[in-house]
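Protein sequences, first through last, are from chains A and B.
First residue of the first sequence? That's 118 in the working numbering, and the numbers climb one at a time after it.
First residue of the second sequence? That's 114 in the working numbering, and the numbers climb one at a time after it.
Derived by calculation from the structure, the hints in this document are not laboratory data.
Any given hint could turn out to be false.
In silico lysine-lysine, DSSO-like type, Cα no more than 27 Å apart, as pairs [what the hints assert, rightly or not]:
#1 Lys-260(B) <-> Lys-237(B)
#2 Lys-279(A) <-> Lys-260(B)
#3 Lys-423(B) <-> Lys-759(B)
#4 Lys-279(A) <-> Lys-619(B)
#5 Lys-540(B) <-> Lys-619(B)
#6 Lys-145(A) <-> Lys-423(B)
#7 Lys-460(B) <-> Lys-551(B)
#8 Lys-305(A) <-> Lys-423(B)
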Amino acid sequence: MGKYLVKRIIILIPVIICISIILFGISKAMPGDPVRAMLPTTLKEEQYQAAYDAMYERLGLDKSLPEQYVRWIGNLFLGEFGYSTMYNRPVKDAVAEPLKNTIILNVFVNIFYLIIAIPLGIKCATKRGGFFDNFWSVFSLVTYSLPSFFLALSLIYIFGIKLGWLPMGGMPNTSILAGTDLYLSWLKHLALPVITLTIISIAGAIRYVKNAMIDALSQDYIRTARSKGLNTKVVVYSHAFRNALIPVSTIIVGTLFSLFSGSAITETVFTYNGIGKLMVAAVNQRDTQMIITMNLFFSIVSVASVLVSDIIYGLVDPRVKLS
Amino acid sequence: MKKILALILMLAMVLSLAACGNKTTDSGNTNTDTKNETTTTDDKKDDASEGTTEGTDDNAGAATSGTPLDTLVVGCAEMNGDFIGGFGNSSYDQDIKTILHGFCDTVYQTAAGSLDVAYENVVKAMDTVENADGSKTYTFTIYDDLKWNNGDPITADQYVGSILYAASPEWLAAGASSTAGEGMVGYSAYYAGETKVFAGLKLIDEYTFSITLDSEYLPYFYELSYLAVGPLYLPNYLPGATVASDETGSWFEGDFDLTAATQNIAATERFAPTVTCGPYKFVSFDNQICTMELNENFKCDYEGNVPTLKYVVQKAVSMDTDVDQVIAGELDMVGGVIEGSKIEAAKASSNVNLHSYFRSGYGMIALVCDWGPTADPNVRWALASLIDRAAVIDYVLGGYGGTVDAEYGTAQWTYQERVAELAEQLKPITFNVETANKYLDATEWKFEADGTTPFDASKATADGSYLRHNAAGEPLVVEHFGTTENTVTDIIEIQYAANAPLAGIKFNITKGDFNVLLDNYYYSYEIPEEERIYSSFNLATNFTAVDDKWYSWGQDWLGTWYNANQLDDDKLNELTLKMRELSSDQTEEYADLWVEFQVRWQELMPNIPLYSNEYFDITGINVDNVNTTPYAAYSNIICQIGKSAK
C-alpha cells in the first residue's frame with residue numbers, strides 16, 4: 118500500500134510539471150498587454166511610461182520566459198502565487214474569500230444532493246420499471262440536460278422577481294448584519310444557488326446509485342438472502358446497498374474534492390462571490406496569474422481526487438489489490 | 114405520494130413556463146418614440162443639462178423597498194477594491210473613493226461639467242499673483258473647521274504633503290500613478306527624483322499654503338485643474354514626517370522612510386482606508402460589498418449639503434437582474450442603465466423613479482488616419498455614409514439614445530451655448546450609398562480590377578463581387594476590429610456586410626479581446642507598418658470637465674497613444690492650441706474656437722460618431738434628491754441624497 122502510494126505520487130510529479138508548463142505557455146501566448154490594461158488613461162506621456170516601466174518590472178515581465186517560469190514555480194513553493202492584475206493584489210489574497218464562499222456553498226449542495234440522491238437511487242432500483250422509477254428517470258434526464266443558467270434564471274424569476282421571497286443574488290452584508298439576522302441572510306442568499314446546483318447534481322448521482330443498486334440486486338447473494346426469507350429492507354439496505362456503496366464511494370470522494378471547485382455559471386448568475394465567478398472574471402480581464410494559478414490548483418485537486426478515489430476503492434473493496 | 118409527485122410535476126412545469134415567458138412590456142413603441150425625441154437637438158440639450166425625473170403610477174405588484182431608511186444600497190458591477198487615489202481605474206471604485214475622500218479638494222468639477230473653487234466648504238480665500246517670470250502664484254487659505262473622521266483637524270501642511278507624496282518617485286515605484294503637482298514650478302525635477310524640494314509649493318501657516326504654476330504651462334484655459342489638491346493624513350501615510358517649507362519650496366523632513374511607507378500604503382491602506390475626510394468612513398469590503406458609515410466629523414459638500422444617511426452600501430450585482438432588484442426593493446439604486454428592456458421594466462413599475470441624462474461622449478468607429486485606406490478623409494466620409502446610425506441606436510440602445518455629428522457630447526457647456534451654430538455649420542451625416550460612392554470616386558479607389566476602367570457604382574451588388582480598386586489593381590479593403598460580445602460590433606458587422614459592397618468596399622471584421630484592440634488602436638505606432646492589419650475600430654469616449662482637445666488631436670502627440678488616430682492636420686492642431694492657450698475667463702472666445710474645431714474635425718472625420726447614450730439612474734421610490742448628471746454620479750451628490758418612507 119505504502120509503496121503503491123509513493124509510486125503514484127512520483128508518477129504525478131511529471132504530470133503536474135507538464136500541466137504547469139502548458140498553463141504557463143498558454144498564459145504567455147494570450148494576446149494583449151496586461152500592464153496597459155492596468156494603467157489609467159489619464160496619465161501624461163512621461164508619467165505613463167514611468168508607471169508602465171515600474172509595473173512591467175514589478176510583474177517580472179522584464180525577465181526571459183524560462184526565467185519567468187522558474188521564478189513562478191519557485192514562488193509557488195514559497196506560497197506566492199503571483200499578482201492579480203484584476204484586483205491589484207497577490208493572488209492568494211484575492212482568492213481566499215471566494216474560495217471560502219465556494220466551500221460554504223458546496224457543503225450545502227453536497228449534503229443535500231447526497232441526502233436526496235442516494236435514497237432516490239435506491240428506491241428507483243427497487244421499484245425498477247414502476248412510475249416512481251420512470252418519473253425520476255425522466256426528471257434526471259431533464260435536469261441533467263438542463264443548462265444551469267436556465268434553471269438559475271427560472272428560480273430567480275419565480276422566487277426573486279415574482280414572489281419576492283428570496284434575494285435574486287449577491288452576498289449577505291457581514292458588516293451591518295449580526296447574529297441571527299446574519300445567519301438568516303446567509304441562508305436566504307444561499308437558497309437559490311444551492312437549489313440550482315443540487316437539482317443539477319442529483320440527476321447524475323441518482324442514475325449512478327440506481328445502476329450500482331441494480332447491479333448489486335442482481336447478484337447471487339441477494340437471491341440467497343431473499344430465499345432465506347429475509348425482510349426486503351434488510352436485503353436492500355444491509356446486503357445490496359453495502360455492496361453498491363463500493364462504486365458509489367468514488368462519487369463521494371469526488372464530492373469532497375468538488376468542495377474546492379466553483380460553478381462558474383451558477384455563481385455568475387447569482388453574483389455569488391465564489392471561485393467559479395472569480396475564474397470567469399479573471400478570464401474576461403485577462404488576469405493571467407490568477408488564471409494559471411487557479412487552473413494549476415484545480416489540476417492538482419483533480420489529480421489528487423483520482424488518486425484518493427483509487428485508494429478508497431482499494432480500501433472498501435477487498436477484491437481490489439493496490440500494488 | 115401521488116400528491117407529492119403531482120406537486121413536483123407542477124413545479125417543473127411552472128419553471129419551464131416562467132423561463133420561457135416574456136416580460137409584458139412593449140419596447141417597440143417606446144423605442145420609436147424615444148428615437149424621435151432624441152433626434153431633436155434641443156430636446157437633447159434640455160435632457161442633458163437638467164435631467165428628467167419620472168415617476169410612474171401604473172402597475173405591478175412587487176414588494177416595496179426592503180432596505181432600511183437610514184441605508185442607501187447601490188448596485189454596480191464588480192469592484193476591484195482600490196479605495197485610495199493612485200491605484201486602479203474602475204469607475205465603481207472611484208465612487209467609493211469619492212465618498213471616502215471627496216469634498217475636501219480645493220477645486221472640484223461641478224454637476225454642470227465645469228471647474229470651480231471650493232469656496233463653500235474648503236477654501237476660505239484664494240489670492241492670485243502674476244509673477245515677473247510669467248508664473249502665477251495662488252495662495253489658498255482653508256477653513257479651520259475641517260476635520261478627519263478621527264477628529265483630527267485638516268491643516269494646510271496636509272495639502273502640501275499630499276502633492277509631495279503623490280508626485281514622489283517612491284509613490285510611483287509602489288505601483289501608484291498620479292498627475293498631482295503637474296503644471297507647478299519644480300514638478301519635473303521633483304517627479305524625476307532629482308530634488309527632494311518641490312519649488313512650487315509653500316506652506317505659509319497652519320491654514321495657508323501656496324501653489325506656483327510654471328509659466329511654461331500658462332496661460333491655460335483649464336488652469337484650475339492644476340490647482341485641485343486634497344489633503345493627506347500624514348501620520349498614516351508617512352509616519353515620522355512633517356512638511357517643512359522656506360522660500361525654495363517644500364519638502365518632507367523628520368525620521369521617515371518614504372519607500373517603506375508608500376509600499377505599506379499600497380499593500381494595506383489602499384484596500385481598507387482608515388483615516389479619511391469624506392462624508393462617509395470605510396467599514397468593510399467583503400464579498401464585493403463595500404459598506405461605509407457616516408463620518409460625524411464631516412463638514413459639508415461643495416454646495417453646503419450635509420449627509421443624512423447612516424450607511425451607504427455599494428455592492429456588486431448581476432447586470433441581468435439589477436433593475437429587477439431595485440423594483441423588488443433589494444437595492445435602492447442602480448446607475449447608468451442603458452438597456453431598453455430594463456428601462457421599460459422600470460417605467461412600468463410604481464416602485465421606482467427614473468432619472469435620465471445624456472452621455473457626455475459618444476460611441477464611435479475610430480479610423481486610422483496615417484495608414485491604410487482610411488488615411489484618405491474621403492474614404493472615412495464614405496464609411497460614415499454607409500452606416501444607418503438610427504438603426505444602430507435602435508439595435509444597441511433599444512432606442513434610448515441619440516447621436517452627435519462631431520467630437521462633442523450634448524451635455525457639454527460649449528455644445529449647449531453653440532448648438533445653433535453647430536447645427537448650421539456641421540454637415541448632416543446620413544446613410545446614403547450614392548453619397549458614399551461620390552466620396553470614393555474622389556479617391557485612388559476609383560477603378561475596376563484592371564486598374565484602368567472606371568468603377569461603375571450601378572454594377573455593385575450586395576454579394577461583394579464587384580469591388581473598387583486603385584491603379585495598381587489593389588482592392589479597397591477595410592479591416593475592422595471590434596470586441597466580442599459587443600452589440601455595437603454586431604450591428605457594425607450587419608450594416609457594413611449589407612452596405613459596404615454597394616460602394617465597392619470589402620469590409621472585413623475581426624472580433625477579439627479589448628487588449629488586442631488597445632494594442633492595435635492606441636499603440637498602432639509600435640507595430641511595424643508591414644504587420645499592421647486594422648484601420649477601423651469600434652469603441653467609445655467620454656469628456657470630462659477638462660476637455661483639452663490638444664491631447665487627443667495635437668500634432669505633438671503623433672506617434673503616441675494620445676493621438677490614437679494619428680491624425681496629422683495643421684489647422685486642427687492650431688485650433689487645439691489656440692483653445693487651450695486662452696485664459697479661463699475667455700469662455701466666449703473658447704466657444705467660438707470650439708465650433709471651428711468641430712467643423713474642421715468633421716471635415717476630417719477621424720471618428721464616425723454612432724450613438725450617444727441616454728443614461729438612466731433607477732432608484733427606489735423611497736430615495737430622494739437624485740440629481741445625477743454626466744459629470745455627477747451618485748457619489749458626487751451623496752450628501753444630497755436622502756430616503757423617506759412612502
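Here is what the structure says about each hint:
The hinted pair formed by Lys-260(B) and Lys-237(B) meets the criterion: a straight-line CA distance of about 15 Å does not exceed 27 Å. This hinted pair does not check out: Lys-279(A) and Lys-260(B) have alpha carbons roughly 47 Å apart, beyond 27 Å. Restraint check: the Cα-Cα separation between Lys-423(B) and Lys-759(B) comes to about 19 Å, which is no more than 27 Å; the hinted pair holds. Restraint check for Lys-279(A) and Lys-619(B): not satisfied, since their Cα atoms lie roughly 49 Å apart, outside the 27 Å limit.
Restraint check: the Cα-Cα separation between Lys-540(B) and Lys-619(B) comes to about 26 Å, which is no more than 27 Å; the hinted pair holds. Of the supplied pair hints, the one linking Lys-145(A) and Lys-423(B) is violated, its CA atoms being roughly 47 Å apart against a limit of 27 Å. Restraint check for Lys-460(B) and Lys-551(B): the C-alpha separation of about 45 Å exceeds 27 Å, so the hint is violated. Between Lys-305(A) and Lys-423(B), the direct Cα distance comes to roughly 24 Å. Compliance with the 27 Å bound is thereby established for this hinted pair.
The structure fails to meet hints 2, 4, 6 and 7 from the earlier list, while all remaining hints are met.
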